[in-house]
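*Asks:* Kindly generate the complete structure, drawing on both the sequences and the hints.
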Amino acid sequence: MSRTPASRARVTVYRLTGTAPLDALIRDKYLDRPEFVARRVTVAGTTGLLVSGQIRAETVRWADSLAGYTGLDIEAYNDTAAAALLLNVEGHVYALCYGMGHHLLNYGLVEPGFGLQYLARVADVDDLRSVTRHTIDHRALIDRRSIPTGGDVRAFGLAELGTVVSKVVGRGIVAPGSKAVTIRGADALNMPLGRDPAELIKDLAAVGATLTQPIAHPDLELLTRLTPLQPRHPQRKKLDARLIDALRGETEERLGTGWPWEQSDEFGAVDTVRLLHVPGAENVTLPWLSIDELKKIAGERPSRNPLDLFRTVKVVLMADDDTQLSPQIPVLKWIAFETRIDDKLYFFHDGRWFAVAQDYEGQVRAEAARILVNRSALALPAWPKGQEEKDYNKLVARRDGRYLVLDRKLIHTAVHPRGIEHCDLLGPDDEFIHVKRLRGSDDASHLFAQVHVAIEQLLYDPEGRRALAQKVAILSKGKRTAPETPAKIVLAIGGRDKLRVDDLFTFSQVTLVRLAQHLETRGIQVEVVAIPPS
Numbered sequence: 027m028s029r030t031p032a033s034r035a036r037v038t039v040y041r042l043t044g045t046a047p048l049d050a051l052i053r054d055k056y057l058d059r060p061e062f063v064a065r066r067v068t069v070a071g072t073t074g075l076l077v078s079g080q081i082r083a084e085t086v087r088w089a090d091s092l093a094g095y096t097g098l099d100i101e102a103y104n105d106t107a108a109a110a111l112l113l114n115v116e117g118h119v120y121a122l123c124y125g126m127g128h129h130l131l132n133y134g135l136v137e138p139g140f141g142l143q144y145l146a147r148v149a150d151v152d153d154l155r156s157v158t159r160h161t162i163d164h165r166a167l168i169d170r171r172s173i174p175t176g177g178d179v180r181a182f183g184l185a186e187l188g189t190v191v192s193k194v195v196g197r198g199i200v201a202p203g204s205k206a207v208t209i210r211g212a213d214a215l216n217m218p219l220g221r222d223p224a225e226l227i228k229d230l231a232a233v234g235a236t237l238t239q240p241i242a243h244p245d246l247e248l249l250t251r252l253t254p255l256q257p258r259h260p261q262r263k264k265l266d267a268r269l270i271d272a273l274r275g276e277t278e279e280r281l282g283t284g285w286p287w288e289q290s291d292e293f294g295a296v297d298t299v300r301l302l303h304v305p306g307a308e309n310v311t312l313p314w315l316s317i318d319e320l321k322k323i324a325g326e327r328p329s330r331n332p333l334d335l336f337r338t339v340k341v342v343l344m345a346d347d348d349t350q351l352s353p354q355i356p357v358l359k360w361i362a363f364e365t366r367i368d369d370k371l372y373f374f375h376d377g378r379w380f381a382v383a384q385d386y387e388g389q390v391r392a393e394a395a396r397i398l399v400n401r402s403a404l405a406l407p408a409w410p411k412g413q414e415e416k417d418y419n420k421l422v423a424r425r426d427g428r429y430l431v432l433d434r435k436l437i438h439t440a441v442h443p444r445g446i447e448h449c450d451l452l453g454p455d456d457e458f459i460h461v462k463r464l465r466g467s468d469d470a471s472h473l474f475a476q477v478h479v480a481i482e483q484l485l486y487d488p489e490g491r492r493a494l495a496q497k498v499a500i501l502s503k504g505k506r507t508a509p510e511t512p513a514k515i516v517l518a519i520g521g522r523d524k525l526r527v528d529d530l531f532t533f534s535q536v537t538l539v540r541l542a543q544h545l546e547t548r549g550i551q552v553e554v555v556a557i558p559p560s
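Whatever position you read off the sequence shown (first residue = 1), add 26 for the working numbering.
It should be emphasised that the hints constitute simulated quantities derived from the structure, not laboratory data. Computed from a prediction, not measured in an experiment: that's the story for all the values here.
Here are the simulated DSSO-like pairs of lysine-lysine, each with C-alpha atoms no more than 30 Å apart in a straight line:
hint	residue 1	residue 2
1	Lys524	Lys370
2	Lys514	Lys497
3	Lys340	Lys359
4	Lys340	Lys264
5	Lys321	Lys340
6	Lys55	Lys193
7	Lys497	Lys416
8	Lys514	Lys420
9	Lys322	Lys462
10	Lys416	Lys435
11	Lys503	Lys435
12	Lys322	Lys263
13	Lys462	Lys411
14	Lys322	Lys359
15	Lys322	Lys411
16	Lys435	Lys340
17	Lys462	Lys420
18	Lys340	Lys416
19	Lys411	Lys514
20	Lys505	Lys420
21	Lys462	Lys340
22	Lys435	Lys411
23	Lys55	Lys263
24	Lys416	Lys514
Label pairs and their in silico Cβ distance ranges:
hint	residue 1	residue 2	range
25	Arg396	Lys321	30 to 40 Å
26	Pro254	Lys411	38 to 48 Å
27	Lys321	Asp528	18 to 28 Å
Just so it is clear, CB atoms sit at the ideal spot from N, CA and C, and this is done for glycine as well.
*Replies:* This is how it looks when you write it as structure tokens:
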């Protein structure tokens, strides 16, 4: 017995921005190829454009192997079908993609996060099935979590600040009286749409109407609060241009340097920074990678695009004995920048652009402010002008014997063979004190990430705990013992009377908040003390 054809069929849909003609939304290379055909169409009275054809790959990879075995030439290809149907529905252009149809689109005009935005408005908050996410912190963790029976946002770890969602699969009701369906959301939206032409247009109009509604459940707002920008994002050219202007010193927007996530474990005794492959110069050795030095390098080479230049120039962390402490990392990954377009905040960190939802920006600021006002009762002496951090830590211990210097006393383990510091000073009540004189607000991200790495070792690496206990016993001549885990972490900020939220880049605020959340859930208190200059 034949089955009745379903009234709806699953399809992947993108929404495109701008007011360009429909054929301008398709990449020229496909419009110009003879194996593709572009035809004007009408669907239930709605004008559209259908582009379809075959994408032919090069000779299959295994052909060379067979030719080598047999001495015969093998001609074999994989042809992939691709089609995209573009429809202008109530002022928005939707692209229904089939096969490899998404390759046909001019991706710079694709509306980012369209699928996520829709899913956040219709999904059952307790019936998410799969989430692909990564974290804004030192681990740069990317993972995909699945719960076949469904779960809420907290089951997927989305309640943590600094979590970026790139794809979600959930269940939701898309029309009154209908059954729940599976919806996949990313830049694209994948869901069942009407097979009947009139129903298709009605469904697309309903999608557009849904996106004008507020997100009903606050937990679902977590899906859209922080968005990584793809290379072809429509704002990328404008954002890159602003960053270029800032590196050339032509604007006063917020620019600095930040510690790349891939180097979060390199917290040994870094004494200098070496720049390699600087055009027309020998290797450059600096006490630190300041943004002023980078602007100078860019300014001396006005014919070079600074972004291209700083992809080529590499950074290496060095010790005093000329030991290389890190691999070569492009300078671009060390640059931090923030700007606003149409009152929306974007930040550049670790070589990537992110868009920040306005409500999320306020949430991060409020949480960071709460942490920064949690002042420590410790009274540390003023920081003498020009004194290095290592000498300041020794000064503290000389003036008050209750402090033990652990600065540069590296703990070497199988996990951290190059060594890390657990803290700079062990306080009177076993506080783990991390001292940092901020050259600029961007240095704070280094401090917060450093603390995160150190505490991870204490919590999860028995070898690290044993090594710390041995180090403390030796340095204190048996007078002190190291706690298994600290009850309190103190962030000692040098060079200013107090640290304000506005002193921190947005990514530094996120890193601070994630650090505090991570520690507080483990019963470890976070406090801040400002060290004024003398």
